[in-house]
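Residue numbers (the working numbering), protein chains in the order written: chain A, 233 to 602; chain B, 430 to 505; chain C, 25 to 189.
Bear in mind the hints are in silico, worked out from the structure with no lab data behind them.
Note that beta-carbon positions come from the ideal geometry of N, C-alpha and C, so glycine has one too.
Certain hints may be false.
Stretches of chain B that chain A covers, calculated by requiring three or more beta carbons in the stretch to come under 8 Å of a beta carbon on chain A [stated by the list, open to error]:
no.	region
1	461–472
2	478–485
3	491–505
With a straight-line cut-off of 30 Å between C-alpha atoms, the simulated DSSO-like cross-links for lysine-lysine are [claimed, not checked]:
no.	chain 1	residue 1	chain 2	residue 2
4	C	Lys51	B	Lys457
5	C	Lys101	A	Lys395
6	B	Lys453	C	Lys65
7	C	Lys65	B	Lys457
8	B	Lys457	C	Lys60
Restraint ranges, calculated between C-beta atoms of paired labels, are given here [claimed, not checked]:
no.	chain 1	residue 1	chain 2	residue 2	range
9	A	Arg258	B	Pro467	41 to 49 Å
10	A	Asn336	C	Thr119	53 to 61 Å
11	C	Asp56	A	Gly285	50 to 58 Å
12	A	Pro269	C	Leu106	50 to 58 Å
13	C	Thr119	A	Asp590	43 to 51 Å
14	C	Glu145	A	Tyr479	35 to 43 Å
15	C	Ser55	A	Gln280	56 to 64 Å
16	A	Tyr465	C	Pro94	29 to 37 Å
17	B	Pro467	A	Ser291	37 to 45 Å
18	A	Ala537	C	Asn163	56 to 64 Å
19	A	Ala537	C	Glu98	39 to 47 Å
20	B	Pro467	A	Tyr330	28 to 36 Å
21	C	Glu145	A	Gly285	41 to 49 Å
22	A	Ala537	C	Leu146	42 to 50 Å
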Amino acid sequence: MNFLTISFNSLAGTLPVDTVDSLYHRYEGGGMTIDGPFILVRKSVGNQFSLSGHYYVDSVSAASVDVLATASAYTEERTEVSAGVDYLNEKTLMSFKYTNSEENDFTANSAFFSVSQDFFGDLTNFTLGYARGWDDVGQLGKSETEDADRHIYQVGMTQVLTKNALIGVNLETITDEGFLQNPYRQVRFIDPGNTARGYSYQLESYPETRTSTAMAFRGLYYLPYRASIKGEYRYFNDSWGIESHTYDLLYVHPLDDQWIVEGKFRYYSQTQADFYQDLFPFKDSQTHLARDKELSNFSGTTFGAGISYELGQGAITHIDRLKFTLLLDYIQFEYDNFRDVVAGEGLAVGTEPLYEFDAWVTRASITLEY
Amino acid sequence: MKLYLLMTILLSSLFSLSGCADLKPWVKPYERNNLADPIMSLGRHGVAGSYVHHVYQARESARGAEGGAGGGCGCN
Amino acid sequence: MKQVLKFWAISVLLISWAFTTQATPLKGAASDFTLKSNQGKNLRLEDFRGQVVMLNFWASWCGPCRQEMPLMDEIYKKYSDLGFTILAVNVDEDTADADRFLKAVPVSFPVLYDSDSKISELYNVDAMPTTVMIDRDGNKRFLHRGYQSGYEEDYKKQVKQLIRE
Numbered sequence: 233m234n235f236l237t238i239s240f241n242s243l244a245g246t247l248p249v250d251t252v253d254s255l256y257h258r259y260e261g262g263g264m265t266i267d268g269p270f271i272l273v274r275k276s277v278g279n280q281f282s283l284s285g286h287y288y289v290d291s292v293s294a295a296s297v298d299v300l301a302t303a304s305a306y307t308e309e310r311t312e313v314s315a316g317v318d319y320l321n322e323k324t325l326m327s328f329k330y331t332n333s334e335e336n337d338f339t340a341n342s343a344f345f346s347v348s349q350d351f352f353g354d355l356t357n358f359t360l361g362y363a364r365g366w367d368d369v370g371q372l373g374k375s376e377t378e379d380a381d382r383h384i385y386q387v388g389m390t391q392v393l394t395k396n397a398l399i400g401v402n403l404e405t406i407t408d409e410g411f412l413q414n415p416y417r418q419v420r421f422i423d424p425g426n427t428a429r430g431y432s433y434q435l436e437s438y439p440e441t442r443t444s445t446a447m448a449f450r451g452l453y454y455l456p457y458r459a460s461i462k463g464e465y466r467y468f469n470d471s472w473g474i475e476s477h478t479y480d481l482l483y484v485h486p487l488d489d490q491w492i493v494e495g496k497f498r499y500y501s502q503t504q505a506d507f508y509q510d511l512f513p514f515k516d517s518q519t520h521l522a523r524d525k526e527l528s529n530f531s532g533t534t535f536g537a538g539i540s541y542e543l544g545q546g547a548i549t550h551i552d553r554l555k556f557t558l559l560l561d562y563i564q565f566e567y568d569n570f571r572d573v574v575a576g577e578g579l580a581v582g583t584e585p586l587y588e589f590d591a592w593v594t595r596a597s598i599t600l601e602y
Numbered sequence: 430m431k432l433y434l435l436m437t438i439l440l441s442s443l444f445s446l447s448g449c450a451d452l453k454p455w456v457k458p459y460e461r462n463n464l465a466d467p468i469m470s471l472g473r474h475g476v477a478g479s480y481v482h483h484v485y486q487a488r489e490s491a492r493g494a495e496g497g498a499g500g501g502c503g504c505n
Numbered sequence: 025m026k027q028v029l030k031f032w033a034i035s036v037l038l039i040s041w042a043f044t045t046q047a048t049p050l051k052g053a054a055s056d057f058t059l060k061s062n063q064g065k066n067l068r069l070e071d072f073r074g075q076v077v078m079l080n081f082w083a084s085w086c087g088p089c090r091q092e093m094p095l096m097d098e099i100y101k102k103y104s105d106l107g108f109t110i111l112a113v114n115v116d117e118d119t120a121d122a123d124r125f126l127k128a129v130p131v132s133f134p135v136l137y138d139s140d141s142k143i144s145e146l147y148n149v150d151a152m153p154t155t156v157m158i159d160r161d162g163n164k165r166f167l168h169r170g171y172q173s174g175y176e177e178d179y180k181k182q183v184k185q186l187i188r189e
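Based on the provided sequences and hints, a complete structural model is requested.
What follows is the structure, given as structure tokens:
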């Protein structure tokens with residue numbers, strides 16, 4: 233389910249820098265508001281070890297289309313913490329991190345290990361990562377929980393092409409096993425017996441395994457007047473029949489030594505899971521049933537802008553860098569085969585308007601390097 | 430899996446490249462001025478960057494292959 | 025399971041590929057050069073014959089380089105009266121970046137500007153930072169590639185040894 237990305241951003245040869253990174257994050261869209269803090273602290277111990285930990289909270293107040301269709305608005309909180317250690321030996325950086333996430337009806341734990349190696353005059357970096365995840369899926373009102381287990385395999389390589397260019401390739405395979413559905417979410421089927429709406433609901437039913445593969449390519453280029461441009465493409469597919477493409481473009485433009493502005497564009501599109509349908513013909517029509525819009529045919533477009541202000545070494549004693557950042561993203565989701573039953577109330581079954589919504593994501597952070 | 434076999438082959442060929450005396454690293458450690466610039470970092474925004482992956486993972490089916498290491502100063 | 029084993033096999037291979045960055049002994053005369061300095065005039069390496077010279081290659085964008093600068097300053101202050109100097113060759117393409125760092129972290133030893141990397145190439149600099157210890161006869165004696173906390177003790181030992189010769 234939801235746990236923060238296992239992404240690895242560091243330079244082998246030196247330990248990751250000591251930092252206190254604090255973020256206020258806010259997502260507003262589709263009837264949901266989710267905000268909270270995200271704080272990461274990192275401190276090196278000696279020349280070879282770096283310890284880190286993070287604290288993250290999602291405070292959810294929601295009345296999304298899924299919720300409104302079958303329930304009523306709710307508030308919820310998810311808290312995530314982690315502890316990690318990095319070990320540097322010459323050009324090899326080994327990292328281990330344990331993460332725990334808690335909601336009132338869902339617990340996720342994961343252990344992550346990676347090895348990052350620089351070679352060929354530090355022009356090439358190769359990183360391998362492996363993680364195990366254990367989810368405990370509960371349901372309010374039930375004392376028993378279901379399990380879901382996960383294995384994650386990551387391979388990544390970056391290559392310096394020129395003094396001004398860098399390229400990277402990443403590959404990630406994830407296998408999940410267990411209770412992979414949401415215990416509350418429901419699918420709808422045509423039901424002539426339901427004279428009020430013409431359709432009725434039943435619980436969703438997902439396969440007990442899922443294997444997915446993602447492959448991403450990225451390139452970063454330094455422009456001579458001091459700016460950078462980054463392009464990324466990711467291809468994804470999984471054993472549920474979903475295929476997706478993600479395109480990312482980022483332009484970073486420093487105005488002077490302290491102010492930097494950036495703009496970004498992202499386009500995402502995916503095809504549906506084999507067992508997805510907005511409206512099933514009758515009850516229990518398939519072994520597996522899903523109406524989660526996340527598994528439908530849809531696309532999402534993001535426009536983002538950001539500004540940061542930085543104070544370098546010398547401004548404040550014992551502080552190497554102090555950076556203030558404000559990032560704003562506007563995302564528009566458009567669904568090709570998920571219908572808005574709330575907006576389509578009163579309309580004939582299956583003719584409700586296709587769902588679409590937009591969201592604003594705000595990130596305000598203060599980063600300290602000491 | 431075929432993709433992992435491909436990566437392993439890529440890696441082994443890289444190893445043989447480093448052993449090959451004729452091919453030397455073509456960007457010297459003292460030429461990494463621009464690569465070491467923070468605007469050329471793959472993870473420039475720290476936690477703000479990793480948070481946004483979570484925003485998308487919670488709403489899209491795709492997951493994985495975000496992030497990367499390498500580039501930068503190449504010091505030590 | 026096979027996947028996992030393959031991964032660990034590759035990791036072990038990679039780890040064994042590591043090479044050391046500790047001090048290595050050197051031989052031969054240190055190549056002469058002249059560079060612009062922050063002392064108002066150009067400085068030539070030959071002019072320092074008779075003194076022990078710690079030749080250090082650094083850049084404002086290099087973390088370990090920035091870390092060792094204040095420690096180098098301590099060594100300079102301690103031994104400069106005994107016929108010792110540090111020549112810190114900066115390799116920033118834009119010397120303004122070096123000057124900005126020096127304003128925040130001032131040092132008492134001379135800083136030379138090699139913005140077109142000619143001297144770095146001459147000395148085959150293959151790690152950042154790089155320190156070359158040169159004795160009173162102008163011969164290269166020790167090489168340090170990279171900087172880790174604790175290297176400054178090695179610097180002191182070698183400076184003391186070369187001063188006594």
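Against the structure, the hints come out as follows:
no.: 1; hint: 461–472; in the structure: holds (count 10)
no.: 2; hint: 478–485; in the structure: holds (count 8)
no.: 3; hint: 491–505; in the structure: holds (count 15)
no.: 4; hint: C/Lys51 x B/Lys457; in the structure: holds, 23 Å
no.: 5; hint: C/Lys101 x A/Lys395; in the structure: violated, 36 Å
no.: 6; hint: B/Lys453 x C/Lys65; in the structure: violated, 36 Å
no.: 7; hint: C/Lys65 x B/Lys457; in the structure: holds, 28 Å
no.: 8; hint: B/Lys457 x C/Lys60; in the structure: holds, 22 Å
no.: 9; hint: A/Arg258 x B/Pro467: 41 to 49 Å; in the structure: violated, 25 Å
no.: 10; hint: A/Asn336 x C/Thr119: 53 to 61 Å; in the structure: holds, 59 Å
no.: 11; hint: C/Asp56 x A/Gly285: 50 to 58 Å; in the structure: holds, 52 Å
no.: 12; hint: A/Pro269 x C/Leu106: 50 to 58 Å; in the structure: holds, 55 Å
no.: 13; hint: C/Thr119 x A/Asp590: 43 to 51 Å; in the structure: holds, 48 Å
no.: 14; hint: C/Glu145 x A/Tyr479: 35 to 43 Å; in the structure: holds, 40 Å
no.: 15; hint: C/Ser55 x A/Gln280: 56 to 64 Å; in the structure: violated, 34 Å
no.: 16; hint: A/Tyr465 x C/Pro94: 29 to 37 Å; in the structure: violated, 45 Å
no.: 17; hint: B/Pro467 x A/Ser291: 37 to 45 Å; in the structure: violated, 31 Å
no.: 18; hint: A/Ala537 x C/Asn163: 56 to 64 Å; in the structure: holds, 58 Å
no.: 19; hint: A/Ala537 x C/Glu98: 39 to 47 Å; in the structure: holds, 46 Å
no.: 20; hint: B/Pro467 x A/Tyr330: 28 to 36 Å; in the structure: holds, 29 Å
no.: 21; hint: C/Glu145 x A/Gly285: 41 to 49 Å; in the structure: holds, 44 Å
no.: 22; hint: A/Ala537 x C/Leu146: 42 to 50 Å; in the structure: holds, 46 Å
Checked against the numbered hints given earlier, this structure breaks hints 5, 6, 9, 15, 16 and 17; the rest are met.
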